[in-house]
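Engineer: Protein chains in written order, with the numbering used here: chain F, 200 to 539; chain L, 200 to 539; chain A, 200 to 539; chain P, 200 to 539.
Among these hints, one or two may not hold up.
Note: identical chains are not told apart, hence a pair may lie in one copy or across any two.
Stated by the list, open to error - Mimicking DSS-like on lysine-lysine, the simulated pairs with C-alpha atoms at most 30 angstroms apart in a straight line are:
#1 K274 with K353
#2 K519 with K319
#3 K526 with K277
#4 K309 with K353
#5 K309 with K516
#6 K278 with K210
#7 K396 with K349
#8 K205 with K519
#9 K226 with K211
#10 K277 with K519
#11 K526 with K536
#12 K205 with K218
Hints are computed from structural coordinates only; laboratory data are not their basis.
Quantities reported herein were computed from a predicted structural model and do not represent experimental measurements.
Each chain, letter by letter, is given below.
There are 4 protein chains.
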Amino acid sequence: MIIVMKAGAAKKDRDLVLKRIRELGYKPHVIHGETRDVIGAIGDERGKAVLQSLESLHGVENVVPILQPYKLASKEVKKEPSLVRISDNVVIGGRQLVVMAGPCSVESEKQIIDSAVAVKKGGAQVLRGGAFKPRTSPYSFQGLEEDGLKLLAKARELTGLPFVTEVINPETAELVASYADILQIGARNSQNFALLKKVGQLGKPVLLKRGMSMTIQEFLMSAEYIMSEGNQSVILCERGIRTFETATRNTLDLSAIPVLKEKTHLPVMIDPSHGTGNHHYVAPMCYASVAAGADGLIIEVHPDPEHASSDGPQSLKPAKFDIMMEKLKLFAEAAGKTLI
Amino acid sequence: MIIVMKAGAAKKDRDLVLKRIRELGYKPHVIHGETRDVIGAIGDERGKAVLQSLESLHGVENVVPILQPYKLASKEVKKEPSLVRISDNVVIGGRQLVVMAGPCSVESEKQIIDSAVAVKKGGAQVLRGGAFKPRTSPYSFQGLEEDGLKLLAKARELTGLPFVTEVINPETAELVASYADILQIGARNSQNFALLKKVGQLGKPVLLKRGMSMTIQEFLMSAEYIMSEGNQSVILCERGIRTFETATRNTLDLSAIPVLKEKTHLPVMIDPSHGTGNHHYVAPMCYASVAAGADGLIIEVHPDPEHASSDGPQSLKPAKFDIMMEKLKLFAEAAGKTLI
Amino acid sequence: MIIVMKAGAAKKDRDLVLKRIRELGYKPHVIHGETRDVIGAIGDERGKAVLQSLESLHGVENVVPILQPYKLASKEVKKEPSLVRISDNVVIGGRQLVVMAGPCSVESEKQIIDSAVAVKKGGAQVLRGGAFKPRTSPYSFQGLEEDGLKLLAKARELTGLPFVTEVINPETAELVASYADILQIGARNSQNFALLKKVGQLGKPVLLKRGMSMTIQEFLMSAEYIMSEGNQSVILCERGIRTFETATRNTLDLSAIPVLKEKTHLPVMIDPSHGTGNHHYVAPMCYASVAAGADGLIIEVHPDPEHASSDGPQSLKPAKFDIMMEKLKLFAEAAGKTLI
Amino acid sequence: MIIVMKAGAAKKDRDLVLKRIRELGYKPHVIHGETRDVIGAIGDERGKAVLQSLESLHGVENVVPILQPYKLASKEVKKEPSLVRISDNVVIGGRQLVVMAGPCSVESEKQIIDSAVAVKKGGAQVLRGGAFKPRTSPYSFQGLEEDGLKLLAKARELTGLPFVTEVINPETAELVASYADILQIGARNSQNFALLKKVGQLGKPVLLKRGMSMTIQEFLMSAEYIMSEGNQSVILCERGIRTFETATRNTLDLSAIPVLKEKTHLPVMIDPSHGTGNHHYVAPMCYASVAAGADGLIIEVHPDPEHASSDGPQSLKPAKFDIMMEKLKLFAEAAGKTLI
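Kindly produce the complete structure, drawing on both the sequences and the hints.
Structural biologist: This is the structure in structure tokens:
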């Protein structure tokens, strides 16, 4: 932390700042500038947030953090990329480009099995599908709940594809974990810290989506919540942030890929379906994600989008998914990844 | 919903749209424009979100919603303002301007009792204080939990002030409700639908904060979640939205007051402490909120902000709170409100 | 500037940073932290932006600016508020609350004269009206240009009200200045530096609108452009920033008032018409602006909004303007301002 | 336009709306809904903005535009992609992937010639370099002006590379056009309509950058300004939009590529240097842009970034540029483009 004093602040104000820094367990170091003093606080980086309260002191202009507050998620702590093992065939974060695909919601046995068969044929290695759905409106379809989980398990049995599904409540998290291969934390729950702690205590890999107005730093702090409970198998997923633009449902922030790759060892996936909200834009954003260095993609595919209970407009039909996957191979190869 | 066809869309595409609208239970009505057709779908407004899936059909340019999807929260359903009764002396939504004040977190018995005595003296009618704290970092102070609730109850006993405190987990919601007078849903949980449903089932008034990147419409949908579970005592609270500006912690959206007053019968409060993140800006924003028609304010006051465990820089000292409250009376009067 | 080195950066990397700081004319000062070094650069604050290029050097984590880059606009240079004199009766920045009102565009002699008479009767001290219009579409009405300026001058002659009008091109700036009392720089030209320099060279007061995605710091840098050319008569005007919210045309950032009052001596006005885009929300935002400490308001008033060439939906009718102005007096009084 | 009436609006209110629609030259068409009426206005699409003023009428809930207001830029008018010819060897918008590269500012003869030689060697087909610089601070380097143009011309003579440079003022636009091969309109001038009209009248191709908070629709309206003056050679360039995220200088919106490709026939380029503000992130964003379908890239390359007068931290060194260009070929090939 850097404490910037006001121009012309009194000596007694500065002395009080120095005293408080020492009280909080840090060592102050003063730089005398031309018009003002600047004070560095030296010591353990993790607890430095408490120094922010010095901003209340008289004579202090502001307190500038210079370091990131996460540790377990940081590349400074672990330099080599983390590999998250989902099954014998699926490992995220290495050379393998992992594609998760399927419908937004599980709607019926036929729908989820048709979807699983179709996405497997197209080359997906993981099935996605929602059983507990966080919907903006209480009047929208809320998911099949445990019945949906059972149908996902049936689809897995039939196709061999592991599945990812969302967990929305600490009270039902263990139930979901007893079925699913990967637990998804959705964008709206990305700072639901009670839920993050809960999935940190369960043994399953977690796909953590970035919140709609979450900075990269906050994103890594949410990963840190899960990791600090003992679960290191965290996969980060960018899914579009909220901006002023309305031509797309969200603004897919692909620069998050190199930024995250610089700051963390955790694998990074992209969700171009929620990121754009429009099936026309999904394929180009898949190619771009892989070119930028993504470790995987999660894509909405529905056998009959115009009858979907949710997110129809952003779902690919299986035929379009197949064409996209064919072309994706070229980009994966250029990026040094393998799409098995 | 208005379904806009592409310029030059084929008749068979249009006919399929008409068929699907009828299948979904709505009556289509076509307007033939100069370059394209536009189709209205007539019927019950609440379920119209399903029509969005028609955007997947061939020949459809886009689907434009023209109506708000909330009902219980809407002024169309209930024209007169709702009054939320907290105690014999405190009613939110009428002529009384209600001020809630206190520290961000409960830290100790002395701290919360000093705070309660101070804010009561200054004119606050409700005490605020966090016992379960949603913190961005797992390494930051997480609150005193049930011990904090007990201290708040002790402060209430001593001063007669009812208190508001945050609930962050469905698993502990009943515990919190057994102590608190008002349950707060924080910004980060504003679309934690499991939690919204839970507090909708408990009998206590709910102070619902707007999420950091939540539209007014989504805000009212979250209120609708609580109300659709049977709890009509919802107080809306604007606390700043996330924008590009960094001079303030958030951007306090005061135009939300007249917008909400136009759309809903629920009372509207403002949190200028989180809204600005800087105690220097709190007083002017309190005056502005009341002038714009707010029903109440929730303000961070701490007897010793430079030693606060959280949010020190945005907390007022009691002496500054007193001065602000004195001047606030003038603006309350001009706005036709009474600050008892 | 604070240069933050990477954890474990080599000594030779640090030495190169020190060398470059000295080459650029600053004095380096190293703080040895627990995991990394942090280097302060001491010297004249205005030119420090050049130090940003050190971020390219090996071993540098990032470069953190700690000071504001404006000077003439800064309160550190001039502590007392600046008064901008428009006419014998109108001075902005002191006790007088100044209201500028009138239509978006000058459309005809009758329209502008009716408007001028109406807003004067309601209590406005300055007439507003656009002659050169910056319109998003080339097919929209572009203004009456010099004919519009002549009509504004005629309205001034008749009512005694000075007028403010927009300047959109360095090539026509002198022409506009030969008629107008105040030159307005619109939001879309707020970083049109060629235009800012031009109005800095003309003798007339400038009403500088904040850009749609302009930070407070950039806003003050644009004021600095005008002032550094010799024109100190700059009035800042917040008119709403662009955010994700669509319930209002823009998000009116009223916290800009106390933030600007803390950082600059220049007067601050608010435009609630563009800020909200809806005439229903204008009056509450006028009251809130004054309560927050604004020095003035600029409001769209049109005798016949539903026939307006531009911005009809956000224009008040004269009768509504009168009612608003009556009630505004109460808030002005509470704020210690006079509305003559 | 769709005019939505309030629930329970009076018949006389609706009749007045119908009358006004007819007066404005459109044909109204009423849909009677269950709780409210909705009115379509049929007629020429370009002038429909005037209907927005109906929102001021009593009984009107809101006015919903359903169509885009641009025409010349629209794919509905011209289906095949436009090719913009820069020289015998350089055509933008076809199979050729065009890379423009060079320093932010022209600083000296040696610097610009070294840069030109280096980027040509790396494979760039166009040289970039600023002579007139729009800088946020009046105290920053403002460019070498005409001397800079002469140096760019000298570099062109030496290397055969055509060059693009920024125009910032209608008064100097012709001067710039007398030297440059492509005129750049920067982000801060993207709604400087006087400048857009001016470059629309000059014969040179225009590289139009998207404004920092410009929607795709506004972007196309700015292109329409240039085209409506007679100049059809417009190249669109996404360069990052302003959001809440601070890990990158801007947020590069790569989904703008498929969105623009759907709506317009104009070529689309990407500026990853300004888009990210950090040279570490430039290469991955180059690959992603090409994978998403971009027609070209504009990249900052500087022989000595740590001594650059502007934008050092986001400039690539020539050696890094060469490596990037080598790898880019693989992605260009996968995307069906040729990088000559």
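Engineer: Next, verify each hint and record whether it holds.
Structural biologist: So, going through the hints one by one against the coordinates:
1. Taking identical chains as interchangeable, the C-alpha atoms of K274 and K353 are never at most 30 angstroms apart, the minima being 39 angstroms within one chain and 46 angstroms between chains.
2. Taking the shortest alpha-carbon separations for K519 and K319, only the intra-copy value of 14 angstroms comes in at or below 30 angstroms, while the best inter-copy value is 40 angstroms.
3. Taking the shortest alpha-carbon separations for K526 and K277, only the inter-copy value of 28 angstroms comes in at or below 30 angstroms, while the best intra-copy value is 34 angstroms.
4. With identical chains, the CA atoms of K309 and K353 are at most 30 angstroms apart within one copy only, with a shortest distance of 11 angstroms there and 58 angstroms across copies.
5. Proximity of K309 and K516 under a CA criterion of 30 angstroms is satisfied intra-copy only: 16 angstroms inside one chain copy versus 56 angstroms between copies.
6. In this homomeric assembly, K278 and K210 come within 30 angstroms of each other (Cα to Cα) only across copies, at 21 angstroms, whereas the closest approach inside a single copy is 44 angstroms.
7. When the C-alpha separation of K396 and K349 is checked against a cutoff of 30 angstroms, the pair qualifies both within a copy, at 25 angstroms, and between copies, at 24 angstroms.
8. Only between protomers do K205 and K519 lie at most 30 angstroms apart by alpha-carbon distance; the minimum there is 21 angstroms, versus 61 angstroms within a single protomer.
9. Taking CA atoms no more than 30 angstroms apart as the test, K226 paired with K211 passes in both settings, with 18 angstroms inside one copy and 26 angstroms between copies.
10. Proximity of K277 and K519 under a CA criterion of 30 angstroms is satisfied inter-copy only: 26 angstroms between copies versus 39 angstroms inside one chain copy.
11. In this assembly of identical chains, the alpha carbons of K526 and K536 lie at most 30 angstroms apart whether taken from the same copy (14 angstroms) or from different copies (14 angstroms).
12. Proximity of K205 and K218 under a CA criterion of 30 angstroms is satisfied in both settings, with 17 angstroms inside one chain copy and 28 angstroms between copies.
Comparing the model with each numbered hint stated earlier shows that hint 1 is the single one that does not hold.
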